[in-house]
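Whenever a hint applies, use it, and build me the whole structure from the sequences.
Protein chains: 4
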Amino acid sequence: MTPPTTGLPAENTTDNNDHLVQSDDPEHPANLIPSLCAKFWTLGWVTGTGGGASIRDGDLVYLAPSGVQKELMKPSDIYVLSLAAQAQSLSRRQRVYLRSPPVYKPSQCTPLFLAAFTKRNAGCCIHTHSHWAVLVTLILEQQGSKEFRINNIEQIKGFGKGFQKSGNLGYHDTLVIPVIENTAHEEDLTEFLEEAMDKYPDTYAVLVRRHGVYVWGDNVHKAKTQCESLDYLFQLAVEMKQLGLPWITDIEPTIPTRKD
Amino acid sequence: MTPPTTGLPAENTTDNNDHLVQSDDPEHPANLIPSLCAKFWTLGWVTGTGGGASIRDGDLVYLAPSGVQKELMKPSDIYVLSLAAQAQSLSRRQRVYLRSPPVYKPSQCTPLFLAAFTKRNAGCCIHTHSHWAVLVTLILEQQGSKEFRINNIEQIKGFGKGFQKSGNLGYHDTLVIPVIENTAHEEDLTEFLEEAMDKYPDTYAVLVRRHGVYVWGDNVHKAKTQCESLDYLFQLAVEMKQLGLPWITDIEPTIPTRKD
Amino acid sequence: MTPPTTGLPAENTTDNNDHLVQSDDPEHPANLIPSLCAKFWTLGWVTGTGGGASIRDGDLVYLAPSGVQKELMKPSDIYVLSLAAQAQSLSRRQRVYLRSPPVYKPSQCTPLFLAAFTKRNAGCCIHTHSHWAVLVTLILEQQGSKEFRINNIEQIKGFGKGFQKSGNLGYHDTLVIPVIENTAHEEDLTEFLEEAMDKYPDTYAVLVRRHGVYVWGDNVHKAKTQCESLDYLFQLAVEMKQLGLPWITDIEPTIPTRKD
Amino acid sequence: MTPPTTGLPAENTTDNNDHLVQSDDPEHPANLIPSLCAKFWTLGWVTGTGGGASIRDGDLVYLAPSGVQKELMKPSDIYVLSLAAQAQSLSRRQRVYLRSPPVYKPSQCTPLFLAAFTKRNAGCCIHTHSHWAVLVTLILEQQGSKEFRINNIEQIKGFGKGFQKSGNLGYHDTLVIPVIENTAHEEDLTEFLEEAMDKYPDTYAVLVRRHGVYVWGDNVHKAKTQCESLDYLFQLAVEMKQLGLPWITDIEPTIPTRKD
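Protein chains in written order, with this note's numbering: chain U, 1192 to 1451; chain X, 1192 to 1451; chain H, 1192 to 1451; chain L, 1192 to 1451.
Please keep in mind that the hints were generated in silico from the structure rather than gathered at the bench. Worth double-checking, as some hints may not be accurate.
Stated by the list, open to error - With a cut-off of at most 25 Å between alpha-carbon atoms, the simulated SDA-like pairs for lysine to any residue come out as follows:
id, chain 1, residue 1, chain 2, residue 2
1, H, K1352, H, D1389
2, U, K1432, X, E1345
3, U, K1230, U, P1266
4, H, K1265, X, L1360
Have a look at this one:
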């Protein structure tokens, strides 16, 4: 009943390590991914099986399968793999799962989630097809831009300052989210996502043109609240555009006079 | 208690085949149609008794009645008919039901659902009055167009390539959905829907001008997720129109450089 | 324990006829008004205690109180009055209740609901502050118009042809909803609502400028589905306006060729 | 087990006064704050840990902690402080809590909530990041304005006339909500909020530029319904702006002719 410590699949056995996705704890990743995805469905982030979420607990990575209705997902639908075992794999494109669901295929988002875990030590990564995210990339495309930039909005404080930095962005700081071009196959996005991570070492998100956004955080709480804050800002940005209001402004800070 | 094997109605008997809509299985069509329609109501797809859904299980077709509040539907409200028996009927407009609810009338959508089942071997067909769908048909009307066309959006991958073809559309593919003109009586749409199916053999949906959309799929999962993806694209298209962004673009594919 | 048959209040007694609002049947008006209002709250129709609903069951009229949070209402909050007793009242502005909740005040909407019951024999009347309704009245105000008119939209079929007429409007019919000007006190709207009912004998709804809409029907089902259909059309109309699309068009009917 | 009557923290003891947040009554502030915040989350008011709510019950003030997901809050997450003890504090910026949750930090909103309690004797104060509120402040910024003004909309009646005044605003009254500039640190807003309260003695809300809104009321019911009414008006105002409709108009009152 113990999982293979090497992280290699339990070949030639009938043991599928189902215990890895069986828990009474609602905070267990195999329970949390379905409940998060059901919530994301109501927000329009994972419409029509698009988008998803992955959680890392130490060496173990929990992943939703491909093509599942996100509001109907069950813990038994979840894939589990070992980061350490994956790192030893000869090919980046081949993945070995500790536990697989009986009927599904692995998600094409898998290598993108893994990039957040390996390059950023993230504890959770969320991918949405939010139409606010897509509209922002379309507006930026018309401007020939590969960066979403917004400043002087309170909700910007919802983001951490960056990888291995403590504290959050401030109200007057400019939040910068890189945009990468979409590829025909989602797996092929991986190198461009990693490139963006290298170029923007402090970002917690990467927009994908005409596709959506990847957002991560040190843990589920941070990934989810950063993803919410970002979607809020994307929606605000689209509405500001419709009203002719600029995303970047030069605001004189308001200084408190009282010292008490 | 056994249903008539001929599919003809149990005339001169009091047997209404109620067992056909009685099941403890939430995946049984008589349970699934009410739960799907309740969900669709929250999405604004079946407002004010408009719209609906039908499921085919082998030869049996399960149908919501006319004029029912879609979020309050019960399994006992469901009609059941036999496709084989219907095919033997002398008139297309006369339908014989294996099972009828006690108080309702059959839906005018019935022949349109049957078209998806007989001409496309669909397992489920959904009809929505989504205002995004209606707005798209109005925008196209102003352009004198009878086709919704959009390309280079990730969500397009949510659609199958076409009838009896395997695989899904790609990111760069153009999704084409025909638009038919609305008729005074919904049943009269049938010939135009069938015509559109003939002219667009690979489409899984037909827009109805100033009315809504019919979407089908090989099974409930595919019909529902295609319907969600389409509604997402209709909403995006309306918002793109408001922002002055074109639905069809010429995007240079982004080619991955890494071979691993 | 029997209610006073005269419909006069049970003066000098401690009997408040609480049994009139106590029932295990979810379809009982005292249970239905709270559940409907909770649903309407999620639709944005009864924000901030605005709006409401009333049901008539024979001679008895069930009413929500003033100033209650609509999504939190309880059966014990409901007022009950007798139409017959009310008709004998010397003053239109004085109302005698068979049953009153212990802490609330009667709603200012009461005489408007009563107008629908007495002049139209309605079984249910709904009042919303839907911002789609308000926006439609504002757009019409700029055009100097006192009528909302829309045609050639499928959802128009959601309305009955008119008082004591059978059947519903058709797709090509023009739905006409009169607009009355708002008054400082909601009770004062009554005469203008009644005037509009006289001038538009077949309407099931009256818009109130900068305020919202009153919608009724022969029963709860019809009032609710007509209210939903109307809100759908108001939303569509605002979006059409934003896209520069006209509400009234001249559409050539599409005639079916097949006779089968 | 009795709380310190001085309101000072129970130093050198292990007693954290947890009983202050333990109750079976759903109307107890420690239960009400989580259920209200969960509702506000669905309205988009407290996205990504932004915003919050505080309730005062006599001398005791109940506060949500900083950085918590508002739809997941639990009674055990709540801070409690004594207004009287706080008033004796040497520094405005130092606060002593009767009861603190084990893992969180106090919210930066705390002094702003306290301002509503001490300067207005409010029973509840709500802070939202509603994007309608933010958009209104952005539109006003472009106009160089520090006041949101709207009149002749029915929902304006949802507001009280002012501090220690009885009755509500009327339909033709102009609702005026002051706008203060945002500061880098939320606590620093306090003096500007208090300044706005002094300058606008009858307001129940203060907008914060590019940030959101603070709304209070004599009790939870009033704070919540005023906050809902205000958000409704902000949304309407943004939509009116998009349609080119003015917020302030000169409307001739409609006078009833009937005297009965």
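Do the hints match the structure? See the list:
Taking the CA atoms of K1352(H) and D1389(H), the gap is about 16 Å. The hint holds against a cut of 25 Å. Between K1432(U) and E1345(X), the direct Cα distance comes to roughly 23 Å. Compliance with the 25 Å bound is thereby established for this hinted pair. Between K1230(U) and P1266(U) the alpha-carbon distance is near 15 Å, which keeps this suggested pair within the 25 Å criterion. Of the supplied pair hints, the one linking K1265(H) and L1360(X) is violated, its CA atoms being roughly 51 Å apart against a limit of 25 Å.
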